[in-house]
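Asker: Sequence:
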Amino acid sequence: MSIPDITIYNTLTRKKELFEPLNPPHVGMYVCGPTVYGDPHLGHARAAIVFDVLFRLLTHLGYKVRYVRNITDVGHLENDADEGEDKIAKKARLEQLEPMEIVQIYTDSYHKSMDMLNIRHPSIEPRASGHIIEQIKMIQDILDNGFAYEVSGSVYFDVVKYNASNNYGKLSGRVLDELLENTRDLTGQEEKNNSVDFALWKKAQPEHIMKWPSPWSTGFPGWHLECSTMSSKYLGDYFDIHGGGMDLLFPHHECEIAQSQAANGNDPAKYWIHNNMITIDGQKMSKSLGNFITLEELFTGSHKLLTQAFDPSTVRFFILQAHYRGTLDFSDSALQAAEKGLKKLLNGIELAKKLIAADASTSDISKLKAACIKAISDDFNTPVLISNLFEAVRITNSVYAGEEKISPDDLKMLNSLFADFTTEILGLSNDQNQQGDELIDPLMNLILDIRQASRANKDFATSDKIRDVLSKLNITTKDEDGGASWTYES
RNA sequence: GGUCGGUUGGCCGAGCGGUUAGGCACUGGUCUGCAAAACCAGCUACAGCGGUUCAAAUCCGCUACCGACCUCCA
2 MSIPDITIYN TLTRKKELFE PLNPPHVGMY VCGPTVYGDP HLGHARAAIV FDVLFRLLTH
62 LGYKVRYVRN ITDVGHLEND ADEGEDKIAK KARLEQLEPM EIVQIYTDSY HKSMDMLNIR
122 HPSIEPRASG HIIEQIKMIQ DILDNGFAYE VSGSVYFDVV KYNASNNYGK LSGRVLDELL
182 ENTRDLTGQE EKNNSVDFAL WKKAQPEHIM KWPSPWSTGF PGWHLECSTM SSKYLGDYFD
242 IHGGGMDLLF PHHECEIAQS QAANGNDPAK YWIHNNMITI DGQKMSKSLG NFITLEELFT
302 GSHKLLTQAF DPSTVRFFIL QAHYRGTLDF SDSALQAAEK GLKKLLNGIE LAKKLIAADA
362 STSDISKLKA ACIKAISDDF NTPVLISNLF EAVRITNSVY AGEEKISPDD LKMLNSLFAD
422 FTTEILGLSN DQNQQGDELI DPLMNLILDI RQASRANKDF ATSDKIRDVL SKLNITTKDE
482 DGGASWTYES
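Reminder that position 262 of the first sequence reads as 263 in our numbering, one-by-one numbering, no gaps.
Please note that a few of the clues may not be correct.
What the hints assert, rightly or not - For lysine-lysine, the following DSS-like pairs were computed, each having C-alpha atoms within a straight-line distance of at most 25 Å:
(1) Lys113 with Lys288
(2) Lys473 with Lys341
(3) Lys406 with Lys479
(4) Lys204 with Lys162
(5) Lys305 with Lys65
(6) Lys413 with Lys354
(7) Lys17 with Lys65
(8) Lys375 with Lys16
(9) Lys212 with Lys234
(10) Lys305 with Lys341
(11) Lys459 with Lys473
(12) Lys406 with Lys355
(13) Lys354 with Lys113
(14) Lys354 with Lys370
(15) Lys375 with Lys271
(16) Lys305 with Lys113
(17) Lys138 with Lys234
Unchecked claim - With beta-carbon atoms standing in for the labels, derived distance ranges:
(18) Gln453 with Arg395: 24 to 32 Å
(19) Thr301 with Asp365: 38 to 46 Å
(20) Ala310 with Val152: 46 to 54 Å
(21) Pro216 with Asn24: 49 to 57 Å
These aren't lab readings, by the way, just hints derived from the structure by calculation.
Every residue gets a Cβ at the ideal spot worked out from N, C-alpha and C, and that includes glycine.
Generate the whole structure from the sequences, applying the supplied hints.
Answerer: Quick look at the structure:
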């Protein structure tokens with residue numbers, strides 16, 4: 002596929018922009034990954050899937066993409082006011098484990114779920130705890146440039162001073178004066194000059210178990226810093242795309258911009274992309290609200306709102322059926338609808354491989370392909386892309402049923418359309434291993450042969466018995482011209 | 001309270017001034033020994049009230065309701 006014009010909605014400018022890489026064919030992309038102190042949930046899946054599709058698209062188009070997605074294993078404070086306990090440390094205390102054991106458990110859990118969702122591994126997956134030295138260096142740079150101050154072993158970013166020469170709020174649309182007015186009274190802010198200032202380094206209390214030496218104190222880095230240091234380390238001071246969930250827009254990403262500007266005078270990224278939230282009963286699904294559904298629960302059907310287990314591919318398809326910038330409302334019935342829709346799509350793809358070409362086509366495959374390219378190029382409009390793919394399925398089924406015809410060239414294009422868009426870019430495929438089995442396939446052929454023979458002899462008692470028993474084993478049989486086929490669902 | 005966004009048919013969800021989005025569900029038909037799958041047809045909605053326009057779900061205004069961020073979160 003030649004490279005089409007791609008437009009991206011840039012949060013920084015609040016409009017769709019033509020995507021022009023800084024150093025083509027290279028593309029640098031940084032996405033905020035999870036804080037590994039709990040099981041991954043549907044929200045994590047959405048962010049990961051959205052940016053996985055972007056990664057796949059750009060790669061497919063021939064860009065050399067370096068995709069960096071971090072693991073936050075230190076630095077997120079538990080409470081507001083930059084006070085209190087580190088999330089990881091708190092969880093470790095609750096579970097009586099070493100903090101790094103917590104990190105290992107939930108990093109593994111995250112990786113396992115992401116693999117099941119068919120998410121490609123990022124090029125680099127750096128950890129905050131592995132970049133303490135870089136973070137200390139960046140704090141020093143910010144101090145040297147006069148945009149931070151030290152109080153009792155802690156270092157804070159001076160937002161008010163920064164805003165005098167820069168624009169704090171350019172990403173999120175905040176106005177500093179309003180922020181200063183609207184800030185609530187919070188405890189533990191005595192050290193800060195202003196409520197909007199944020200910690201770059203915090204001195205650790207004696208009981209704090211995750212801490213590192215620094216020029217200011219034995220402590221730990223502030224929670225916005227890791228992304229700034231790791232993105233610049235691996236992608237440079239100014240790179241193409243920075244992504245993450247919309248809930249990170251403020252203050253996290255706003256602070257990242259401030260830190261980069263204060264340290265090296267650059268905005269970190271050209272395009273800022275934010276995926277919207279998944280809602281449940283119209284409310285954001287989040288850890289703080291406690292209304293989230295973990296991926297494990299989804300895959301096993303063990304949540305009270307679920308009537309059944311859902312395949313990872315169904316979850317992926319469910320998420321891609323909505324545009325990434327809109328909220329997506331979760332429900333059991335919506336998942337069920339997605340499950341059936343995906344099955345229809347995947348069946349169509351398999352069927353297309355078996356079609357027999359005719360001399361001419363009754364449908365315009367080129368036009369359909371153009372529509373697919375247009376959809377994915379237009380701010381990654383996966384729902385419109387999927388609707389076009391369903392049109393391709395309709396054509397496929399019609400050709401198979403003998404109601405339409407397709408030329409050899411168009412048939413080839415149809416199959417590559419499915420391969421490129423569904424499999425390669427959207428990353429959708431059957432979860433079950435559909436590879437042939439050298440024992441089962443001949444056995445099934447034998448069974449279906451017997452069934453077909455009994456049908457031919459009008460021995461329907463036998464043929465129905467075979468179908469009923471197979472059905473109880475979750476094997477669905479389909480009688481077709483010149484034979485029969487079967488599918489298995491676990 | 002401030003800032004921003006949303007309200008689409010039974011459900012999910014596209015839409016960015018003029019064309020059937022799509023999926024699921026439902027109804028009728030074709031096919032089938034009966035099924036399954038598939039195909040065809042039907043159901044054709046845009047919170048309310050005004051305005052702009054030859055034309056508005058789409059632009060503007062007001063009203064109502066919902067949500068996000070402002071504190072950790074994808």
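Asker: Confirm or reject each hint.
Answerer: Tested hints:
1. Of the pairs offered as hints, the one joining Lys113 and Lys288 holds, with about 20 Å between alpha carbons and a cut-off of 25 Å not exceeded.
2. Proximity of Lys473 to Lys341 is assessed by CA-CA distance (about 20 Å); at most 25 Å being required, the pair is judged to hold.
3. Simply put, Lys406 and Lys479 have alpha-carbon atoms about 23 Å apart, close enough for the 25 Å limit, and the pair holds.
4. For the given pair, Lys204 sits about 23 Å from Lys162 by alpha-carbon distance, which is consistent with the 25 Å threshold.
5. Our distance criterion of 25 Å between C-alpha atoms is broken by Lys305 and Lys65, whose separation comes to about 44 Å.
6. The straight-line distance between the Cα atoms of Lys413 and Lys354 is roughly 9 Å, inside the 25 Å bound, and the hint therefore holds.
7. Note on Lys17 and Lys65: the hinted pairing holds, with a Cα-Cα distance of about 23 Å set against a maximum of 25 Å.
8. The straight-line distance between the Cα atoms of Lys375 and Lys16 is roughly 18 Å, inside the 25 Å bound, and the hint therefore holds.
9. As the CA atoms of Lys212 and Lys234 are separated by approximately 22 Å, the hinted pair is consistent with the 25 Å bound.
10. A hinted pair counts as satisfied when its Cα atoms are at most 25 Å apart, and Lys305 with Lys341 qualifies at roughly 21 Å.
11. Using a Cα cut-off of 25 Å, the hinted pair Lys459 and Lys473 holds, with the two alpha carbons roughly 23 Å apart.
12. At roughly 13 Å between alpha-carbon atoms, Lys406 and Lys355 fall within 25 Å of each other, so this suggested pair holds.
13. For the hint pairing Lys354 with Lys113, the CA-to-CA distance comes to about 31 Å; that exceeds 25 Å, so the pair is violated.
14. Restraint check for Lys354 and Lys370: the C-alpha separation of about 17 Å stays at or below 25 Å, so the hint holds.
15. Restraint check: the Cα-Cα separation between Lys375 and Lys271 comes to about 23 Å, which is no more than 25 Å; the hinted pair holds.
16. As the CA atoms of Lys305 and Lys113 are separated by approximately 23 Å, the hinted pair is consistent with the 25 Å bound.
17. Proposed proximity of Lys138 and Lys234 is supported: the alpha carbons are some 12 Å apart, at most 25 Å.
18. The beta-carbon spacing between Gln453 and Arg395, approximately 29 Å, falls within the hinted interval of 24 to 32 Å.
19. Hint check: Thr301 to Asp365, Cβ distance near 44 Å, so the stated range 38 to 46 Å holds.
20. For Ala310 paired with Val152, a C-beta distance near 52 Å keeps the hint of 46 to 54 Å intact.
21. Range check, Pro216 to Asn24: about 35 Å between beta-carbon atoms, so the 49 to 57 Å window is missed.
The structure fails hints 5, 13 and 21 (numbered hints given earlier, in ascending order).
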